[in-house]
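*Asks:* These are the residues of each chain, in order.
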Amino acid sequence: MRQEKLIALILQAVALSALAGLLLITVFIFKEGLPLILRTGLKDFFFSSDWEPDAGHFGIMSMIIGSLAVTLGAMLIGGTLGLGMAIVLTQFCPPKLASFLKPTIELLAGIPSVVYGFMGVVTLVPLIRSYLGGPGLSVLAASIVLGIMVLPTVTSISIDALKAVPRTYWEGSVALGATRWQTTHMLMLKAARSGIVAAIILGMGRALGETMAVIMVAGNALEIPGSVLDPVRTLTSNIALEMGYASGEHREALFAAGVTLFAVIMIFNTIALTFARRTIRQGRGQ
Amino acid sequence: MMPPEQNSPVIEVQNLTVTSYDRTILDGLSLPVYKNERLAIIGPSNSGKTTFLRCLNRLNDLQHSFKVSGTILLNGSNIFDPGADTAQLRRKVGMVYAVPVPLPWSIYENLVYGPRLAGVRDKNRLDELVETSLQSAFLWGEVKDRLHMPAKNLSGGQQQRLCLARVLALEPEVLILDEPCSALDPISTAKIEDALFELKSRLAIVLVTNNTKQAARASDRTAFFLMGKLIEMKETGRLFTNPSDKRTNDYLVGQFG
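Top line first, the protein sequences correspond to chains A and B. Letter by letter, the first sequence follows residues 9 to 294 of this note's numbering. Letter by letter, the second sequence follows residues 2 to 258 of this note's numbering.
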């Protein structure tokens, strides 16, 4: 019996350590970053694009816009493709092929992000430069690379959401004279809506947080992009690029950018989880 | 009313065989279904009743392992023809399942879904279809003031009548029901049976049931299936009082089943 208790205790400690990790990170980055935001002022920190750490200017607006631009672009590409794949794999493709393709798409998640960045630099960037103009390192390049990187997230969660819709709904609809496509868009997508929204939001969180691949293909210029062919610097790239030599207030400012990211991603994930839970409830609720 | 046999059949099943992997589910089945009749199909489980029903609207197409051969003529044309439109077929041969499955919308939305797919856009026409089909399913009085309530909130018996109404809104020629009352209480069952009695004046009804009493009560002809074969089919009263095959008799008196 004593052994049972000991094991239970150890397992509890392990489980709690994940929570402790989250708590420590939160406390640490807020403690490091928050004072600077308050000192600089919300307006000068969030709504100024004047980032000159040496002169004590810490405006992150251009990076916020950069992050939003590549995230939005990634979701336009990866969200559309991912949802499309989920629809094809669950509604139109023979189950055997689907059971082979789904793990294949999920394997994309296992490729290191530096490899995505590398592929972007050697193939995508030159293509954009020669066919569309500009430096090639751009919002567009980052969006495409990130779009592919979020595919596994969006696809596999959307597949789960579509599969959670009771099979009887599908059959009921088909028996009423609906074609596959009519059933898909009039019934399945509606019934799986909250899960699909969750998939998109989790994908957004992943795109927003990605760093290495973005640094390699986005160009990292500190300016507000005028078009998708202009280079941008995202919040994450900025932290990664400057952390190595930053000190004092500069270092604090990077933590403050981290606080911003942290807050946004937490909000995204909370929304996504709320939606995902709602889908599960609906699935069971029949 | 004219005895149904004097009509030409709406559906004519000829030598229908269904296999799945190595198993034969239906074995060379032939039978006609007439307009203005209620044909009950009885038989023990695994006798192929449901599979037969799902051939009539080609829902078995969705089972990849099922191989179907033979012919089913609906008004003279083979529903298995390569060019046949399955969506159109499923509107003409409307199906009610054993377990009612209201789609996750309001009562009204459930009813207009099929007609909308068929291309009915006119709001007045849709409203009319909703009312007449709910009346035919004996549900109108209970739900007319709350058509926009979620269909899930209805009781089980009401949900099944909603599913019946939903099919009737397609204005089918044949109504096929797969043990529609197996999950219902006696009062709801009676309402469905009453509805079927009224409905036979305008369409053909095929009712699969595990309840021989229901077949005796609510059908004009009865077919007895066993192991995928049609053993015997005749006028319901005669089948129950004077079955000609020993196996039918054994089933009816409860020797097996």
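Worth flagging that the hints you see were computed from the coordinates, not collected in a lab. One or more of the hints may lead you astray.
[Said to hold, decoys possible] Part of the chain A face toward chain B, derived, beta carbon under 7 Å:
#1 A21
#2 A172
#3 T176
#4 G180
#5 L184
#6 G185
#7 A186
#8 W189
#9 Q190
#10 T191
[Stated by the list, open to error] Straight-line alpha carbon distances no greater than 35 Å define the calculated DSBU-like cross-link-like pairs of lysine-lysine that follow:
#11 A/K171 x B/K145
#12 B/K124 x A/K198
#13 B/K68 x A/K171
#14 A/K198 x A/K104
#15 B/K201 x A/K104
#16 B/K68 x A/K104
#17 B/K235 x B/K145
#18 A/K198 x B/K247
#19 A/K110 x B/K201
#20 A/K171 x B/K124
#21 A/K110 x B/K145
#22 B/K230 x B/K214
#23 B/K36 x B/K124
#24 B/K214 x B/K201
#25 B/K153 x B/K230
#26 A/K171 x B/K235
#27 B/K36 x A/K104
#28 B/K247 x B/K124
#29 A/K198 x B/K145
#30 B/K247 x B/K201
#31 A/K198 x B/K153
[Unchecked claim] What the simulated footprint calls covered on chain B by chain A, stretch by stretch (three residues with Cβ under 8 Å from a Cβ of chain A suffice, anywhere in the stretch; the number is not a length):
#32 92-99
#33 115-121
#34 164-174
#35 197-207
Yeah, the Cβ is synthetic: ideal placement off N, Cα and C, and Gly gets one too.
*Asks:* So which of the earlier hints does this model not fit?
*Replies:* Hints 1, 2, 8, 10, 15, 17, 18, 19, 21, 25, 26, 27, 28, 35 not satisfied by this model.
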